[in-house]
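Protein chains in written order, with the numbering used here: chain V, 1 to 280; chain A, 1001 to 1370.
Be aware that one or more of the hints could be misleading.
[What the hints assert, rightly or not] Between beta-carbon pairs, the in silico distance windows are: (1) Val1177/A to Glu149/V: 48 to 58 Å; (2) Gly1128/A to Asp144/V: 24 to 34 Å; (3) Gln95/V to Arg1241/A: 22 to 32 Å; (4) Lys193/V to Arg1067/A: 24 to 34 Å; (5) Phe100/V to Phe1284/A: 53 to 63 Å; (6) Val1355/A to Phe100/V: 46 to 56 Å; (7) Ser46/V to Gly1070/A: 52 to 62 Å; (8) Glu149/V to Ile1117/A: 19 to 29 Å; (9) Leu1318/A to Glu194/V: 52 to 62 Å; (10) Val1074/A to Asp7/V: 32 to 42 Å; (11) Val1135/A to Asp85/V: 54 to 64 Å; (12) Gly1128/A to Gln95/V: 47 to 57 Å; (13) Phe1359/A to Phe100/V: 35 to 45 Å.
Calculated directly from the structure, the hints in this document are not laboratory data. This structure is a prediction, so every number in the text was calculated from the model and none was measured. Ideal Cβ positions, reconstructed from N, Cα and C, are used throughout, including at glycine.
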Amino acid sequence: MSAADYDENLPIVVEGLKTAFGDHVIHEGLDLKVRRGEIIGVVGGSGSGKSVLMRSIIGLQAPTEGHIEVLGDVITAAHQDGDIDIRSRWGVLFQGGALFSTLTVAENIEVPLKQFYPEISDELRREIARYKVMLSGLPDEAADKYPSELSGGMRKRAGLARALALDPELLFLDEPTAGLDPIGAAAFDQLTKELQATLGLTVFLITHDLDTLYEICDRAAVLADKRVIAVDTIPNLLKLDHPWVQEYFNGPRGRAASSAKDRVVAKAAKAMDNQAGRGA
Amino acid sequence: MRVWADFSIAEGEGGKRLVLTGPLVVSSVGRIDTILRGMGDRFAAIDISQAEEFDTVGAWLVWRLSRESGADIVGASDKAKRLIAAVHRNEPEEAEAAQDELPIPVRLPQQVGSLVIGYCHGVLSLLGFLGGLIVALGSVIRHPARFRVTAVVRQMQLVGVGALPIIGLMSFLVGIVIAQQGAVQLEQFGAEIYTINLTGRLSFRELGVLMTAIMVAGRSGSAFAAQLGTMKLTEEIDAMRTIGVSPMEALVVPRVLACTFMMVLLGFYAAILSIIGGAMISTFSLEIPFFTFLTRIQEVVPTRDLWVGLIKGPVFGLIIAIAGCYQGMQVEGNSEAVGIRTTIAVVQAIFMVIVLDAFFAVFFTEVGWG
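So that you can see chain A by itself, here it is in the shape it has in the complex (with noise of 0.2 Å):
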């Protein structure tokens, strides 16, 4: 059971006196603050000869009311008197001054303006980084020994084969939907033939590569940014810098390269589950035998398609990559920083990675590869 504070008020010579009772501690002193304030009343004295307990949260009220109304404190006891001596030692200069919110007329132009300074520092930053990234690479073609085959393996295991069963699993079941929802609508013409087609050009030009890009952002491109990220915090890049070592190199460039190679390898493998998924669901339900459809693909598919494919692959690693890397560069501060990177450089690498593959789309048609 927790003991509250009390206060009575006697009327004296010289005005009122407010007398506090029970025990004046951090744990009791919450109601009678919030009453006390509610009145403003000026007091004359303040009479804590009854208060059995004391901590510096009470002697802190006591302290406050007693400045507040210039009252005289009566019946401290010596620690009483100790602790409210170390408050008023300890208080602060002059209460804050509350910051006055700019009116809507100049605050929101000012908001606009800051965000146009700071989206031009991210352009020049985001510049800046690619420039380092080129330098880097450059310096590694010039001085073969300071590549880092060992962190590049490391980073192909992580994109690549760490995400094998999920980007796999995931291409399977696309194929099976793209099949079986095309074989529906084709059945109405009487082509259910046609969706060896439709599965086969569909996974290896845009599904394949771009599902995989979108997995591989959200597995790869969040993990650069969150592992930079608190290195950068730690001061593990500082301290690289003052060692020699490049962070450039010895960081971004083994994620850049593993991401954008695995991507290729990747892009194909899910491409090729991907009509293996339909293959299967044509087994059951087009009774297209298995390896009829197989033989199918490589008479209907052309191989540009594949290029198409293996073409985005890379250039959606190298998207997804540059912005998971970047990101987690820019951590500064805290912890907070660290999650609001990572969930940029997800959002930035797909959103960048939809884009270009629209462009792709009309860029492949144009040049007659459509």
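With the rest of the complex left out, here is chain V (with noise of 0.2 Å):
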């Protein structure tokens, strides 16, 4: 497959991938297609290389065989970072935000604008910068703030607002709500959503958490193996005869995360009945 040949529906294409650290192999035949405006989950037991999967779409890591292709951009071709055109087009928010620490969080926004765009204004440049704070549910005043001055999900927000920073089409997210308070991570998952409807958003979610699986994700895929063995809705996956899977999606958490789930769909499905007797 060529760049000629880019499906617009298939953002994220990878082919056969194998990453081998020495002979310790990480990924072995892996492929995996992502659609275009849906979250995928990308789960997985720890050490089964999600963030070298991620890392590797998004250029960082050079896998050792295999076709990666982003947005039409066969990354895999790419010898430098500067190879890689499409940069502009993704965000990327890293599992600790990896925000530049000597630069406010207003700062921090501004360097891809500065970066990819010169052209625009100092002012149009700090009025994007100050919405974004606002827009990843930050207060105003953190704009100002350095990175030190942040507890841990505002940092994270702040990694969101700069990965947005460009309007991407594609976001990719490594670990959005670990470390986070339950309610945090929920608001969190729920800006997520929110973005990707709003923003028309592909977003690409390595995750543990089941919540935010169960709650935000379109589809999931699932490492293990050295590939991914299923990319699929949760209750299809569900269906999937492979232990790992099983263990996952039906031990204590997975159990706890879906009838919560339950309880949520069962209570809108009330209100809406409600509603609906109220109107008649």
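Can you join these two chains into the complex? Each is in its own frame, and there are hints to help.
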């Protein structure tokens, strides 16, 4: 497959990916296709290479073998970071936020703008930074703070604001809710969902958080045995007969998350019934 | 090829009508934003029905223009409406008030004051650090089991053994330079033989230990500051304290001891290498045989010159280690602080070493060790 026959609806295509560190093989024969406009959750045990997969897709990690194409650009053909032309069309949130520690939050958001669009005036850039801060759910005064003055959750939101600086089509999130309290995590999930709906993003989301998976992911990709063993909606994955999948989704935590989702759905249905009742 | 957004202005009833065309996205609006800002015109309506693409930056531009002139937004697609609503909802409450700079008559005393206060705090916290170091040393002496032998040996290796090649080379070359330059001057009096006195005494008393101190400050003082500073940032030092390990005992004491002790040895080693360098050049250019040079050294260099070097060494080592560790422990906030503190550590250490060296020179002469 070459850039010429790029399918608009498949922004990320990974084929036959093999990643090995020395003798240690992380991925072998890994295939994954992400559809436009979906939130895809990538799950897998610790050490199954979720982050490595993300790093390979965004060109930070050269794979041993395989073909990776993002928005029609062949990542595996790039030899230097500069060869990847589509960097202005994706946003990446790293696990720890990876904010530039010597810059304020607003300046962090301005970095990609300055880098890719130097013609934007200082005023507009500052305004963009400020509304992105608000858009990512941070209070206005956070814009002038340094990353070291923010809490972990706020740092994640600031990282998200920077990832969204260029209005990307693709958003990569590495464990966005890890280390957040349940309320903060739920709020972050909602934020992701809202942004995805408003901005029409395709979201590639690595997570350990079953609630996130049930709540916002359209599909989930399961990484096990060095490859993606299945990509499907969660109800379909539940039917899958694979020991890791069964243990993951039907373990105590999996069941709790699933029943929480059921409760929410039931409540929503009930509320709708009530409304319908009143309407009649 | 990038496509830029464009605009045209139509006169209509009720005022001017701004018509935006082309894509309204982050990559295209930079130019028209600057132009529109420069014009500062007011519009009755903004027509975006001919705009092709939309993202939040375009939405923000349209929204800001409409807010500034109270214009209606006409012809927005569903997506445009959704995005404008999103940026509208998330608009910062009020434009940030530009921070007024204070007038110079107020600002100057204020800055001087905060500098002085900062300096006093610095002196106090350095005193606190020295106190902490003495307490830690005391508790290590009272509880020898808490003495970290491995850490000390490891630091000795890093500070001392690791520095042998570079300090050796440096001292050897310095020895050559002293002997050669000294010989050129002394030759005028026919006193080339005093090159041996010059090289021997200078190496033991001054240059061996001083050059070593500067090299160790650059190699190890900076390493101490950077390492402890990074550990501070990654909360390793906090973790130690919660586990009950005193960072002073575990990190600072081994470094201070290793650096103090190794400076004695390195200073001596440097003096020896520098004399060998001098002897080498004398063999070739002064025709003083190598071993004659070394034998003469024994005769012309008094033992107290050796002692002067050996006394200065540990003092310099102590200063370098304390400057490095203290600055490392002062790191706060971000990675930039690590860089700043490391620089301060090296500059302070070298400065203090040179000041003290001058003090020692006067002191030893006064006590008759000249």
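Tested hints:
The hinted window of 48 to 58 Å between Val1177/A and Glu149/V holds, with their beta carbons roughly 52 Å apart. For the hinted restraint 24 to 34 Å between Gly1128/A and Asp144/V, the CB-CB distance of approximately 32 Å keeps it satisfied. One distance hint, 22 to 32 Å for the beta-carbon pair Gln95/V and Arg1241/A, holds here, with the actual separation near 26 Å. Distance hint for Lys193/V and Arg1067/A: a CB-CB separation of about 28 Å, consistent with the stated range 24 to 34 Å.
Under the hint 53 to 63 Å, the C-beta atoms of Phe100/V and Phe1284/A, about 56 Å apart, fit the expected range. Checked against the hint of 46 to 56 Å, the pair Val1355/A and Phe100/V fails, with Cβ atoms roughly 38 Å apart. The beta-carbon spacing between Ser46/V and Gly1070/A, approximately 56 Å, falls within the hinted interval of 52 to 62 Å. Between Glu149/V and Ile1117/A, the C-beta spacing of about 22 Å keeps the proposed range 19 to 29 Å intact.
In this structure, Leu1318/A and Glu194/V meet the distance hint of 52 to 62 Å, their C-beta atoms being roughly 60 Å apart. A hinted range of 32 to 42 Å for the beta carbons of Val1074/A and Asp7/V is consistent with their spacing of about 36 Å. The beta-carbon spacing between Val1135/A and Asp85/V, approximately 60 Å, falls within the hinted interval of 54 to 64 Å. Checked against the given bound of 47 to 57 Å, the beta carbons of Gly1128/A and Gln95/V, roughly 36 Å apart, lie outside it.
Between Phe1359/A and Phe100/V the beta carbons are some 44 Å apart, a value that agrees with the proposed interval 35 to 45 Å.
Figure legend: structure checked against the earlier numbered hints; hints not met, in rising order: 6 and 12.
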